[in-house]
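*Asks:* In this note's numbering, the protein residues as written are 1 to 933.
Hints are computed from structural coordinates only; laboratory data are not their basis. Hints may contain errors.
Think about it this way: if two alpha-carbon atoms lie no more than 30 Å apart in a straight line, the pair counts; the simulated DSS-like pairs of lysine-lysine are [unchecked claim]:
hint, residue 1, residue 2
1, Lys-619, Lys-30
2, Lys-788, Lys-32
3, Lys-680, Lys-619
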Amino acid sequence: MDYQFKDIEQKWQQFWADNQTFKAEDKTTKPKYYVLDMFPYPSGAGLHVGHPLGYIASDIFARYKRLKGFNVLHPMGYDSFGLPAEQYAIQTGQHPAVTTEDNIATYRRQLDQIGFSFDWSREVRTSSPDYYKWTQWIFMQLFNSWYNKAADKAESITKLVEHFEKNGSAGVNAVCDEEILSFTADEWKAMSSNSQQEELLKYRLTYLRESTVNWCPALGTVLANDEVKDGFSERGGYPVEQKKMMQWSMRITAYAERLLQGLDTIDWPEPLKEMQRNWIGKSIGASVRFPIEKPAHNIELNAHYIEVFTTRVDTIFGVTFMVLAPEHELVAELTTPGQKANIEAYIAQTKKKSELDRMADAKTVSGAFTGSYVLNPLNGELVPIYIADYVLAGYGTGAVMGVPSGDQRDYLFAKHFNLNIVPILDTQNITTEADPTKEGKYINSDFINGLTYKEATAAVIAKLEEIEAGKAKVNFRMRDAIFGRQRYWGEPVPVYFKEGLPHLISESDLPLLLPEVDKYLPTESGEPPLARAEGWKHPDGEYELSTMPGWAGSSFYWYRYMDAHNDKEFASKEAIAYWRDVDLYIGGSEHATGHLLYSRFWNKFLKDIDLVIEEEPFKKLINQGMIQGRSNFVYRLIDEEGRGTNTFVSHGLIGQYKTSPLHVDVNMVENEVLNINKFKAWRDEYSNAEFILENGKYICGVEIEKMSKSKFNVVNPDDLIARYGADTLRMYEMFLGPLEQSKPWNTNGIEGVFKFLRKFWRLFHNDAWVFTVLGAEPTKAELKSLHKIIRKVEEDVERFSFNTSVSSFMIAINELTDLKCNNRRVLQDLVITLSAYAPHICEELWVMLGNEAGTLSYAAYPKFNPAYLVEDEFAYPISINGKTKMNLNISLSLEPKEIEEFVLANADVKKYLDGKQPKKVIVVKGRIVNMVV
RNA sequence: GCUCAGAUGGUGGAACUGGUAGACACGCAGGACUUAAAAUCCUGUUCCCGUUAAAGGAGUGCGGGUUCGAUUCCCGCUCUGAGUACCA
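With the sequences and hints as input, model every part of the structure.
*Replies:* Structure follows, in structure tokens:
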């Protein structure tokens with residue numbers, strides 16, 4: 001029979017499901033291999049051809065590893081909490097759980113069609129209570145932990161309490177809030193229980209912190225940064241303001257150094273590691289205290305100094321002003337009566353701007369003088385204090401020292417406010433802009449005059465430490481992560497409040513179920529949707545009303561797959577001891593500073609409290625490239641009055657007419673040729689369209705854009721599978737190019753892959769489509785083709801070069817077709833080799849070859865034998881001055897000297913040399929002969 | 001601005017450690033089979049000059065360098081894509 005991909009694929013997909021072919025074993029002597037895909041958010045739009053790219057690659061890898069004798073864990077699930085389902089619920093009233101369920105069903109159907117070897121018995125959904133029970137449980141562990149810097153790990157909060165009871169706060173070296181109390185053991189014991197809890201909250205790894213959020217009063221809701229455009233809500237266009245709120249936060253900064261160091265131990269793409277490094281943003285510098293000059297308004301101040309962080313402490317003698325963030329806590333105190341109006345106006349103006357606007361508007365200089373001064377701690381000079389919104393409250397200390405000679409931003413600021421600009425290096429040229437150079441010797445700089453950068457930095461820090469005005473300091477850009485959203489469709493936080501203090505619910509009450517609400521909107525008073533839940537109340541207090549952010553559920557899910565149905569633990573000790581970590585993780589780079597960072601953080605925490613074994617969760621990571629859309633256009637002719645007509649001009653001719661481009665559905669275009677009948681049928685208005693053709697065809701224009709419905713460039717895998725089958729789709733997606741490269745989707749070449757699979761099928765059949773395979777001894781040529789591909793696939797898969805394997809398969813099949821190969825031994829090995837890429841057709845042929853159904857997935861990958869590839873001759877390229885002129889067959893047993901003689905004796909070579917003797921002859925054995933004349 | 005990745009025929013791409021540039025496939029052109037189409041098969045296809053063929057020349061974004069030899073290594077630039085930013 002001809003290649004009936006539809007029947008074959010359905011049959012085997014059913015077989016795999018019925019027989020649980022890909023169920024991973026938890027107890028086996030085989031070595032383990034864990035291949036993980038980033039689980040998808042099940043969106044309403046379903047899958048387009050870009051989504052499965054990474055899944056196909058990981059599936060090929062997983063299947064390959066099974067053939068190589070590994071016990072492979074290759075699971076799939078859904079990151080099913082998220083905003084779109086909630087948005088949809090707000091609009092339609094449909095419960096997000098229902099929407100999510102529907103979407104998952106669509107995803108599952110689409111995934112099944114592609115023939116993935118997932119172990120579905122381990123499926124997880126982050127929105128299912130038996131899953132988020134463990135998300136909540138891990139939150140509780142974080143709440144019950146603090147970071148001990150001395151041990152450089154997280155420890156139980158009870159250990160901290162023990163320390164307080166014995167020694168008070170002395171000797172505690174923790175990552176914690178800034179305003180912690182100092183107390184003795186007796187003072188601690190004398191504290192009320194509530195005061196103790198209040199103090200402990202400053203140490204916990206998840207804690208409450210006042211954070212600013214984008215608050216939209218009209219919508220009564222908090223918005224994400226990308227939902228705000230120019231200070232107005234994207235939805236509705238209402239004004240948005242910055243509002244302070246108590247929010248749950250995660251003390252990820254405790255792990256900053258370990259997150260940075262860990263990057264050197266994992267096999268991830270360098271650009272991705274670089275992104276995380278930048279995000280963590282370690283900078284080494286110094287903190288310096290500038291004493292406040294007695295203020296002009298003569299009020300007794302609480303603060304006596306302003307602390308700044310700088311990476312260029314060597315420039316301290318160039319300081320001519322100081323700038324505070326408008327939100328800095330000392331601003332009010334420092335403002336003199338004369339400057340009060342100015343400062344308040346400036347603060348009001350800043351408040352209106354979102355953080356994004358403040359960053360975007362980098363060009364204009366703005367600020368206001370407080371009227372107060374600090375003293376330079378090293379030379380006692382008076383330094384005026386300004387506020388300006390280019391200084392961010394959230395970074396460093398929220399205050400910077402202004403060195404206009406060395407920093408361009410400070411330079412502009414100084415020019416604008418007419419402040420001094422003092423050069424500090426003899427090489428500095430500061431006539432038109434700042435010069436941040438570190439070369440040269442210091443000038444105007446007191447005791448560091450004449451020193452170099454390195455010497456000066458060390459000298460200044462030593463002096464500052466001596467006079468207790470500063471010290472060397474490491475600063476991180478990364479901030480603690482906010483862990484709360486004022487939304488409905490997320491994990492409830494397992495916390496209730498009593499007398500204003502948070503308490504964990506009892507572990508036996510987990511999961512804390514997401515309650516039902518009448519509407520998915522905030523309440524009239526601006527409380528989150530959970531406030532609408534009737535009767536949702538803890539016996540001892542009020543539940544937390546915010547839910548966890550999107551990244552909560554995805555920060556440990558790879559452990560849940562190890563033991564997905566365990567209701568005692570998130571995964572058993574044994575399961576974790578066996579599977580340990582993810583060997584290969586495939587997904588998009590868009591998660592670089594979100595999911596991938598938070599996951600590493602939680603993993604390190606779980607290791608600290610001895611729940612997991614590995615410091616890093618994902619040993620190797622591959623980013624698949626984005627599949628872009630490829631839009632097609634028709635060109636509508638514009639008449640003299642500038643109105644659109646119903647005539648369309650082919651792309652090659654648009655230079656001769658006045659036209660306007662129009663997106664056209666890519667599914668009616670093949671190889672840029674428009675299917676005119678489909679176009680006419682597309683919409684009524686085009687039913688009597690006319691066309692100006694070239695060579696009898698209408699050629700469409702092409703542009704690369706994001707894949708989206710509105711651009712009519714979405715290609716659905718279902719359509720392609722219906723037309724060519726899953727095996728063709730799988731191979732074609734790989735054939736498209738290197739996995740890690742972003743590329744536009746283009747269906748044009750898919751025929752070639754389809755033809756290839758048919759040709760492969762034909763190898764096993766005679767002209768009448770009767771299965772015909774002979775058991776004879778394979779020929780040398782057949783074995784050579786076979787072993788070439790065995791080696792090639794092995795090499796390619798190990799380095800994730802799937803596109804080149806597909807080419808090589810084509811070459812192998814072309815060769816074997818030419819050899820009229822129908823040898824059982826050769827073809828059977830070929831089936832195993834190809835099965836990772838095109839599993840359905842291979843399963844079918846495997847059974848036809850007389851093997852037991854379903855055993856192919858666990859067959860042994862053929863052993864490569866180099867003996868079959870040994871050549872005794874090689875067609876040496878003979879080149880003169882690096883240009884190849886001809887090829888000569890020469891025995892590979894000849895040594896370079898003999899080759900040279902043989903080549904020089906050749907009549908054709910003599911002709912090229914034209915009687916001259918080459919100056920030099922380079923012979924590389926098995927590669928090339930080059931003559932220099 | 002900074003960081004990273006990339007640029008090869010009409011198209012997607014190959015060339016793994018410096019050694020025959022353009023594998024494989026699409027498209028296109030021509031042909032066979034066919035009443036016709038589909039399917040299949042064959043031939044050609046980097047460009048220029050020339051043309052029955054041959055022979056020549058140029059050629060991997062641009063300019064330079066190292067080398068017997070560079071798509072590959074080095075220096076400078078242009079463009080494209082991604083990430084990121086008043087980070088002190």
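*Asks:* Could you run down the list of hints and mark each one as holding or not?
*Replies:* Here is how each hint holds up against the structure:
1. A C-alpha spacing of about 19 Å is found between Lys-619 and Lys-30, which places the hinted pair at or below 30 Å, so the restraint holds.
2. Our distance criterion of 30 Å between C-alpha atoms is met by Lys-788 and Lys-32, whose separation comes to about 28 Å.
3. Of the pairs offered as hints, the one joining Lys-680 and Lys-619 is violated, with about 54 Å between alpha carbons and a cut-off of 30 Å exceeded.
Of the numbered hints listed earlier, the single one contradicted by the structure is hint 3.
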